[in-house]
Amino acid sequence: MDTVQTAPRRPELVWSLRGRRPEDIGVTADEERPGSAREGEDARGRGVRVCVVDSGVESGHPLVGRVDGAWAVTKDEHGIGVTETAATDSCGHGTACAGIIRRIAPECELYSVQVLGRTFGGTGDVLLAGLRWAIHEGFDVINLSLSTTRARFVEELRVLADEAYFRRTVIVASAHNSTVESFPWRFASVISVGSHAEDDPDLHLYNPSPPVEFFAPGQNVQVAWLGGTTIRTTGNSFATPYITGLCARVLSRHRRLTSFQLKNALYLSAANVHTGMRGAS
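Count the sequence shown with full-length UniProt numbering and you get residues 1 to 281, in order.
Treat the hints as calculated values from the structure; they're not laboratory data. Since the model is a prediction, treat every value here as computed from it, not as a measurement. Treat the hints with care, as some may be off.
What the hints assert, rightly or not - With beta-carbon atoms standing in for the labels, derived distance ranges:
id, residue 1, residue 2, range
1, Thr179, Asn220, 17 to 27 Å
2, Thr275, Arg118, 43 to 53 Å
3, Gly79, Ala197, 17 to 27 Å
4, Thr74, Pro208, 37 to 47 Å
5, Arg18, Glu181, 15 to 25 Å
6, Thr83, Gly26, 46 to 56 Å
7, Asp199, Ile80, 18 to 28 Å
8, Ser178, Arg66, 28 to 38 Å
9, Thr149, Ser209, 20 to 30 Å
10, Arg167, Pro211, 16 to 26 Å
11, Thr179, Arg118, 42 to 52 Å
12, Ile80, Glu23, 39 to 49 Å
13, Arg255, Gly79, 31 to 41 Å
By construction, the Cβ of each residue, glycine as well, lies at the ideal position given by its N, Cα and C atoms.
Taking the hints into account, I'd like the entire structure generated from these sequences.
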């Protein structure tokens with residue numbers, strides 16, 4: 001009798017964690033579990049330079065504190081440029097991200113590059129200019145809670161993401177909130193983040209079904225907003241700065257880590273990753 005061979009089933013691609021719990025996505029690792037990045041007075045982000053490429057950051061917000069430097073990408077008939085500016089926010093999105101980073105890594109240095117306008121919108125070329133500038137400035141971590149769906153920007157974004165990777169500038173990038181293709185979070189050279197709906201505000205998870213690599217709190221979370229206020233909101237945008245903050249904490253202890261090593265540290269410290277000896281029964 002003839003047998004019919006079927007192709008292996010392709011794993012489902014997961015953009016966010018819905019309808020499942022941490023115990024449903026358990027992973028066994030081969031290494032000993034490191035101490036939590038949240039432990040110890042020396043792991044508070046001190047000396048780590050974090051740049052929020054977004055809508056700006058409101059300096060002095062009670063949940064943000066001081067912004068150590070702010071720039072804006074401008075576009076006019078003469079072209080695109082990056083200019084130093086006051087630490088303000090056009091729509092609140094960047095301030096929300098900065099407040100989360102400050103909570104997780106309270107002693108990090110916070111910087112802002114504004115690429116979004118009052119309507120939460122921007123253009124791909126402005127995003128490229130802001131990201132390129134931040135990479136060349138040598139920030140340790142770049143929080144990118146935004147993406148573009150425009151295919152014409154993909155290759156240049158990929159080149160920038162690779163450049164950052166080899167410069168040891170870590171890009172933490174938000175997955176799109178919908179299951180559409182967008183970039184740069186899809187690149188392996190960045191740390192990609194989606195949100196989970198768990199009640200624990202200090203829980204991050206590894207996703208065994210990439211392209212999204214990590215899940216963090218981002219659903220119905222309270223965040224900083226314009227005018228010193230707060231709101232409750234949902235989105236992968238707000239899970240991303242949580243992972244950015246963890247990166248700053250790890251780097252404040254281990255300054256020489258490469259992007260690859262940092263990603264591995266996040267993996268090994270995820271709540272759903274269980275360590276064990278290879279081959280053990």
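Hint check:
Taken as a hint, the range 17 to 27 Å holds for the pair Thr179 and Asn220, whose Cβ atoms sit roughly 20 Å apart. Here the CB-CB span from Thr275 to Arg118 is close to 47 Å, well matched to the stated 43 to 53 Å. Roughly 44 Å separates the CB atoms of Gly79 and Ala197, a value that falls outside the hinted 17 to 27 Å. The hinted window of 37 to 47 Å between Thr74 and Pro208 holds, with their beta carbons roughly 43 Å apart.
The hinted window of 15 to 25 Å between Arg18 and Glu181 holds, with their beta carbons roughly 19 Å apart. Evaluation of the 46 to 56 Å hint for Thr83 and Gly26 yields a pass: the beta carbon distance comes to about 49 Å. A hinted range of 18 to 28 Å is violated for the C-beta pair Asp199 and Ile80, which are about 43 Å apart. Against the hinted window of 28 to 38 Å, the Cβ-Cβ separation of Ser178 and Arg66 comes to about 35 Å, which satisfies the hint.
Between Thr149 and Ser209 the CB atoms are about 22 Å apart, so this pair conforms to the stated range of 20 to 30 Å. Between Arg167 and Pro211 the beta carbon distance is about 23 Å. The supplied range of 16 to 26 Å therefore holds. About 28 Å separates the C-beta atoms of Thr179 and Arg118, a value inconsistent with the hinted range of 42 to 52 Å. Between Ile80 and Glu23 the beta carbons are some 48 Å apart, a value that agrees with the proposed interval 39 to 49 Å.
Distance hint for Arg255 and Gly79: a CB-CB separation of about 36 Å, consistent with the stated range 31 to 41 Å.
Going through the hint list in order, the structure does not satisfy hints 3, 7 and 11.
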